[in-house]
Amino acid sequence: MPAEDSELTISRFINAAPAVIWKAWSTPEHLEKWWIPAPLECQVVKLDLRPGGGFETRMRDGGGEFEPHVEGCFLDIVPQARLVFTTVMTEGWRPAEPWLALTAIITFEAEGDGTRYAARVLHKNAADSQKHDDLGFYDGWGTTLDQLAAFVERLG
Amino acid sequence: MVLHMENHQASLDAAFHALADPTRRAVVSRLTKGPAPVKELAAPFDMGLPSFMKHLRVLESDGLISTEKVGRVRTCRVNAERLAAAGSWLSEQIALWQARTDRLADYVETQMSRSVEDAG
Chain P
17 MPAEDSELTI SRFINAAPAV IWKAWSTPEH LEKWWIPAPL ECQVVKLDLR
67 PGGGFETRMR DGGGEFEPHV EGCFLDIVPQ ARLVFTTVMT EGWRPAEPWL
117 ALTAIITFEA EGDGTRYAAR VLHKNAADSQ KHDDLGFYDG WGTTLDQLAA
167 FVERLG
Chain A
2 MVLHMENHQA SLDAAFHALA DPTRRAVVSR LTKGPAPVKE LAAPFDMGLP
52 SFMKHLRVLE SDGLISTEKV GRVRTCRVNA ERLAAAGSWL SEQIALWQAR
102 TDRLADYVET QMSRSVEDAG
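Respectively, the protein sequence lines represent chains P and A.
Each residue of the first sequence is one higher than the last, beginning at 17 in our numbering.
Each residue of the second sequence is one higher than the last, beginning at 2 in our numbering.
Calculated directly from the structure, the hints in this document are not laboratory data.
All values reported here derive from a predicted model rather than from experimental measurement.
All residues carry an ideal CB built from backbone N, CA and C; glycine is no exception.
Hints may contain errors.
[As the list claims (entries may be wrong)] Not everything, but these chain A residues come out facing chain P in the computed CB check (under 10 angstroms):
id: 1; residue: PHE53
id: 2; residue: GLU110
id: 3; residue: MET113
[Claimed, not checked] Within a straight-line C-alpha distance of at most 20 angstroms, the following computed DMTMM-like cross-link-like pairs (lysine to aspartate or glutamate) qualify:
id: 4; chain 1: P; residue 1: LYS49; chain 2: A; residue 2: ASP63
id: 5; chain 1: A; residue 1: LYS55; chain 2: A; residue 2: GLU69
id: 6; chain 1: P; residue 1: LYS49; chain 2: P; residue 2: ASP77
id: 7; chain 1: P; residue 1: LYS62; chain 2: P; residue 2: GLU48
id: 8; chain 1: P; residue 1: LYS49; chain 2: A; residue 2: GLU69
id: 9; chain 1: A; residue 1: LYS34; chain 2: A; residue 2: GLU69
id: 10; chain 1: P; residue 1: LYS140; chain 2: A; residue 2: GLU110
id: 11; chain 1: P; residue 1: LYS140; chain 2: P; residue 2: GLU87
id: 12; chain 1: P; residue 1: LYS49; chain 2: P; residue 2: GLU72
id: 13; chain 1: P; residue 1: LYS62; chain 2: P; residue 2: GLU72
id: 14; chain 1: P; residue 1: LYS49; chain 2: A; residue 2: ASP107
id: 15; chain 1: P; residue 1: LYS49; chain 2: P; residue 2: GLU81
[Claimed, not checked] Just the calculated beta-carbon pair ranges, DEER-fashion:
id: 16; chain 1: A; residue 1: GLU61; chain 2: P; residue 2: GLU48; range: 45 to 51 angstroms
id: 17; chain 1: P; residue 1: SER27; chain 2: A; residue 2: THR76; range: 27 to 33 angstroms
id: 18; chain 1: A; residue 1: LYS70; chain 2: P; residue 2: GLU81; range: 52 to 58 angstroms
id: 19; chain 1: P; residue 1: ARG76; chain 2: A; residue 2: PRO51; range: 56 to 62 angstroms
id: 20; chain 1: P; residue 1: THR43; chain 2: A; residue 2: PRO36; range: 52 to 58 angstroms
id: 21; chain 1: P; residue 1: THR25; chain 2: A; residue 2: LYS70; range: 38 to 44 angstroms
id: 22; chain 1: A; residue 1: LEU50; chain 2: P; residue 2: ALA134; range: 51 to 57 angstroms
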């Protein structure tokens with residue numbers, strides 16, 4: 017598949033200054049509040065904001081043990097402007113074989129009284145990303161069948 | 002929500018490179034109703050067979066359809082599994098990041114002070 021078929025971009029205006037959003041990203045207590053949807057609980061294990069610094073979050077469903085969620089390292093950090101992390105390497109640029117290979121490029125840009133926040137996420141390819149489903153990881157959204165139905169409906 | 006749906010749809014279009022073209026979308030749409038010979042598939046389109054075959058080859062190389070030749074008739078069928086898989090993984094990732102971004106926005110807008118002083 018061509019590269020553009022395995023990447024996505026989310027962009028939206030957030031009614032808060034880049035500095036505030038940066039704080040929500042760079043402080044474990046804040047990040048835990050929004051990184052994973054409730055009722056799943058999030059635990060920030062590593063948030064070492066420098067190139068090669070570890071990034072690790074774990075998740076827990078209903079009071080059990082915390083399980084792996086994201087493990088990777090940061091590639092680029094420009095406070096209040098840009099944050100890049102990948103899961104194909106862990107802390108100190110150690111090569112890894114993640115369940116879902118991705119590189120996320122997060123940007124913050126002042127816009128009016130708020131911020132234009134964008135996340136561009138690059139994946140390896142469709143087959144690799146499919147492991148996401150096979151391994152049973154989920155963050156709590158729609159089913160394959162519903163999406164297929166909607167898709168086919170749109171084609172019709 | 003409107004923004005979400007627009008992004009969602011735009012990204013689905015991006016995901017399905019093979020389906021970015023209206024002719025190819027129409028072919029897949031027809032094939033979701035059942036297999037069909039090339040001649041029948043080509044009939045509604047005002048284009049030469051060589052041009053139409055190019056579209057089929059794009060769909061086939063992207064794995065969205067398969068073709069089989071029996072005698073002089075080449076029959077096409079949709080690869081439903083591939084369609085479902087491709088639809089699910091990227092749209093799921095889009096939904097994941099969209100929801101995550103919305104949670105971040107909601108969190109900073111309602112739970113955190115807007116002042117830069119407090120952000121330090």
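Original post:
What hint numbers does the structure not satisfy?
Top reply: Hints 1, 4, 8, 10, 17, 22 contradicted; others consistent.
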